[in-house]
Amino acid sequence: MSSKLLLNSKEIDIILHRLACQLIENHNDFSNTVLIGLQPRGTFLAKRLKEILIKDYHIKDLQLGLLDITFYRDDFRRRQEPLEATNTEIPFLIEDKNVILIDDVLFSGRSIRAGLSAIQDFGRPNLVELLVLIDRRFSRHLPIQPNYRGRQVDAINKEKVKVCWKETHKKDAVYLEQNI
Amino acid sequence: MKQLSVDHLLGIKYLNKNDIDLIFETANHFKEVINRPIKKVPSLRDITIANLFFENSTRTKLSFEIAEKRLSADILNFSAGQSSVKKGETLIDTVNNILSMKVDIVVMRHANVGAGVFLSKHVDAKIINAGDGTHEHPTQALLDSYSIKEKLGTVKGKKVLIVGDVLHSRVALSNIFALQLQGAQVKVCGPTTLIPKYITSLGVEVETNLKKALDWCDVANVLRVQHERMDIKYFPSTREYTQLFGINQQILDSLDKKIVIMHPGPINRGVEITSDVADSKQSIILNQVENGVAIRMAVIYLLAQQIKR
Chain A
1 MSSKLLLNSK EIDIILHRLA CQLIENHNDF SNTVLIGLQP RGTFLAKRLK
51 EILIKDYHIK DLQLGLLDIT FYRDDFRRRQ EPLEATNTEI PFLIEDKNVI
101 LIDDVLFSGR SIRAGLSAIQ DFGRPNLVEL LVLIDRRFSR HLPIQPNYRG
151 RQVDAINKEK VKVCWKETHK KDAVYLEQNI
Chain B
181 MKQLSVDHLL GIKYLNKNDI DLIFETANHF KEVINRPIKK VPSLRDITIA
231 NLFFENSTRT KLSFEIAEKR LSADILNFSA GQSSVKKGET LIDTVNNILS
281 MKVDIVVMRH ANVGAGVFLS KHVDAKIINA GDGTHEHPTQ ALLDSYSIKE
331 KLGTVKGKKV LIVGDVLHSR VALSNIFALQ LQGAQVKVCG PTTLIPKYIT
381 SLGVEVETNL KKALDWCDVA NVLRVQHERM DIKYFPSTRE YTQLFGINQQ
431 ILDSLDKKIV IMHPGPINRG VEITSDVADS KQSIILNQVE NGVAIRMAVI
481 YLLAQQIKR
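Chains as they are written, first to last, in my numbering: chain A, 1 to 180; chain B, 181 to 489.
Think about it this way: if two alpha-carbon atoms lie no more than 16 Å apart in a straight line, the pair counts; the simulated EDC-like pairs of lysine to aspartate or glutamate are:
no.	chain 1	residue 1	chain 2	residue 2
1	B	Lys-282	B	Asp-226
2	B	Lys-211	A	Asp-121
3	B	Lys-488	A	Asp-74
4	B	Lys-437	B	Asp-398
5	B	Lys-488	A	Glu-81
6	A	Lys-55	A	Asp-29
7	B	Lys-211	A	Glu-89
Worth flagging that the hints you see were computed from the coordinates, not collected in a lab.
Input sequences plus hints: build the corresponding full structure.
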């Protein structure tokens with residue numbers, strides 16, 4: 001397997017700050033906006049954005065929820081390996097709230113479709129926007145596009161975008177991996 | 181990646197510790213789901229489940245039904261009383277007729293021991309045993325252990341007493357297997373006529389003095405006196421049974437600790453347990469009912485995961 005570095009930690013840091021600023025432009029003080037990170041990998045990005053918004057941009061009372069979409073997936077029983085659920089922690093109501101759905105990589109759009117279905121079970125949001133770190137163009141199975149994207153990547157189907165976070169891989173990095 | 185080591189849930193004796201851990205872990209997620217404003221997920225929207233209850237049941241049937249509905253499965257309900265079983269149809273014919281309607285999972289309660297095992301060998305569907313005679317009732321045992329774990333943090337090392345009509349209970353045997361698999365100690369208490377002769381061979385101690393047994397335990401799982409299964413007199417009178425083996429507040433107050441009280445239901449109030457105990461803070465009877473839905477959702481979900489389309 002060969003891998004190519006797409007983003008290093010400094011570039012990721014710059015992108016995260018840019019995404020945070022874009023969110024502030026549209027959601028101001030976040031008084032009616034909540035962040036929802038998709039389990040498992042979108043939660044690292046969501047937590048990092050929350051940290052930046054609170055520490056560097058002094059946003060107060062920013063609410064972050066973690067959403068597991070396992071029970072909403074459309075490939076249940078079609079996969080070779082069983083699906084494993086993770087925790088959902090949304091300790092607030094999302095009725096009439098602006099929801100920023102956050103995931104690390106946007107590929108086919110099916111995870112986001114499942115996320116949109118799952119969100120409906122917590123109330124009727126006023127607005128749902130999508131934020132992703134990596135948008136893999138030309139690979140969509142559903143008409144879903146991000147409102148905020150860190151980097152757009154053109155990758156063929158056999159290639160895999162791997163996002164590493166310092167919480168799990170000791171350093172932030174994004175790689176394009178290819179099976180030889 | 182985790183999945184169950186079995187193709188059907190026929191009894192606790194076929195499971196291993198990892199299976200129980202996986203079921204509990206999955207039930208935790210479903211418990212979060214059933215406490216949401218909208219308590220439904222679409223996971224099983226292309227699965228059909230037949231609930232075949234050849235014996236009367238209220239709470240187990242309702243619990244399975246709501247679990248299935250919350251997973252978005254389609255359901256067929258069958259009660260033997262209104263069926264062709266009365267006309268002499270065999271179990272396999274009945275089930276095969278139902279399976280022809282493209283059923284994926286069968287939840288079955290039957291008066292005969294081993295009915296689920298028999299069915300699993302002859303029909304092409306996932307079988308969940310919802311009670312086979314006086315043998316096993318695996319989902320009840322799972323929800324009981326889950327409730328103990330939820331209340332006390334762990335099952336391992338806990339002392340659990342099963343009190344009452346052990347002989348006619350399908351809950352007792354499954355509970356013994358499930359608790360021992362998780363490292364708990366189990367003792368039974370009741371009239372000697374209602375304690376099976378083989379019980380000590382399962383590594384279970386017998387105590388006929390209720391006070392001594394309660395002094396020993398952390399949890400008392402009180403069983404219902406199953407009058408409907410008694411073809412002879414097993415004890416002189418209900419009053420005497422209550423005096424010797426009934427759990428009341430007085431006997432609980434005489435202990436130097438607060439033990440957890442459980443009951444699989446339905447309760448004979450004033451017979452095996454008094455109302456004040458059943459409704460007290462020590463009792464987790466209603467938690468058992470809530471956990472029953474989450475456990476059954478987990479079992480159905482994990483078995484459905486093995487059905488490939």
